[in-house]
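Q: Sequence:
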Amino acid sequence: MYLSELEEGEVSKELAHQILFQGIRDDDAKCDCIIVPSSRTSNKYRTPAAVELYFQGRSSRLLFSGGYNGEFIESESMRSFAIERGIPENAIIIETISTNTKENVIESLAALDKQIGLNSMKRILICTAFYHMRRCHLTFLRYAPSWFEYSFHPVLDQTTRPDNWWKYENGTKRVQKEVNGLIHYAKHGDIMDFNIDELR
Numbered sequence: 001m002y003l004s005e006l007e008e009g010e011v012s013k014e015l016a017h018q019i020l021f022q023g024i025r026d027d028d029a030k031c032d033c034i035i036v037p038s039s040r041t042s043n044k045y046r047t048p049a050a051v052e053l054y055f056q057g058r059s060s061r062l063l064f065s066g067g068y069n070g071e072f073i074e075s076e077s078m079r080s081f082a083i084e085r086g087i088p089e090n091a092i093i094i095e096t097i098s099t100n101t102k103e104n105v106i107e108s109l110a111a112l113d114k115q116i117g118l119n120s121m122k123r124i125l126i127c128t129a130f131y132h133m134r135r136c137h138l139t140f141l142r143y144a145p146s147w148f149e150y151s152f153h154p155v156l157d158q159t160t161r162p163d164n165w166w167k168y169e170n171g172t173k174r175v176q177k178e179v180n181g182l183i184h185y186a187k188h189g190d191i192m193d194f195n196i197d198e199l200r
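All residue numbers for the sequence shown refer to this note's numbering, where the first residue is 1 and numbers rise by one.
Source of the hints: derived by calculation from the structure; they are not laboratory data.
Take these hints with a grain of salt, some might be off.
As the list claims (entries may be wrong) - The calculated EDC-like cross-link candidates involving lysine to aspartate or glutamate, where the alpha carbons are at most 16 Å apart (straight line), are:
(1) Lys177 to Glu7
(2) Lys167 to Asp157
(3) Lys44 to Glu84
(4) Lys102 to Asp193
(5) Lys102 to Asp190
As the structure is a prediction and not an experimental result, all values here were calculated from the model.
Let's have the full structure, built from the sequences with the hints guiding it.
A: Here is the structure:
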């Protein structure tokens with residue numbers, strides 16, 4: 001069954017878990033760039049994970065993606081955090097326009113093309129919250145060059161993890177909202193549709 005064939009609000013716990021978490025794992029491959037879409041709490045989970053990946057040698061470049069949230073520009077805050085922890089400023093690319101995942105992807109691709117050249121890139125490493133990884137990947141599949149390959153570093157938060165999300169009210173709501181969003185985006189062509197039965 002394809003994602004677009006599902007109906008919002010009618011997905012079981014087991015299927016929601018499969019859609020968001022199954023088959024997502026880090027392959028430890030080296031990449032042309034580590035891409036980190038922002039959130040208000042990026043510097044609590046995502047940015048530290050990306051900094052660690054940089055120092056592990058996974059890539060010599062970091063791209064922080066995220067615009068103004070009403071209080072601050074998220075990608076600028078992420079860059080400052082990374083520099084304070086020893087990342088060279090010239091290793092960091094930011095885009096400061098995006099306000100959602102689709103814009104994260106489109107603006108990140110534009111920034112990469114300007115700074116590096118998409119035609120010189122092959123593999124990117126997506127570093128984002130575990131529950132957000134599927135949407136981010138499917139959005140890249142929709143808009144990025146077809147030759148791109150992907151590695152994933154799913155970041156664990158406290159209450160929306162593969163091993164505990166159903167135990168918490170906010171984790172359950174977040175998973176439900178994310179799955180409903182994926183179904184909506186798949187039906188409208190904003191993400192790449194996919195066969196859920198092929199997840200491994």
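Q: When the structure is checked against the list of hints, which entries are broken? Sort them ascending.
A: none
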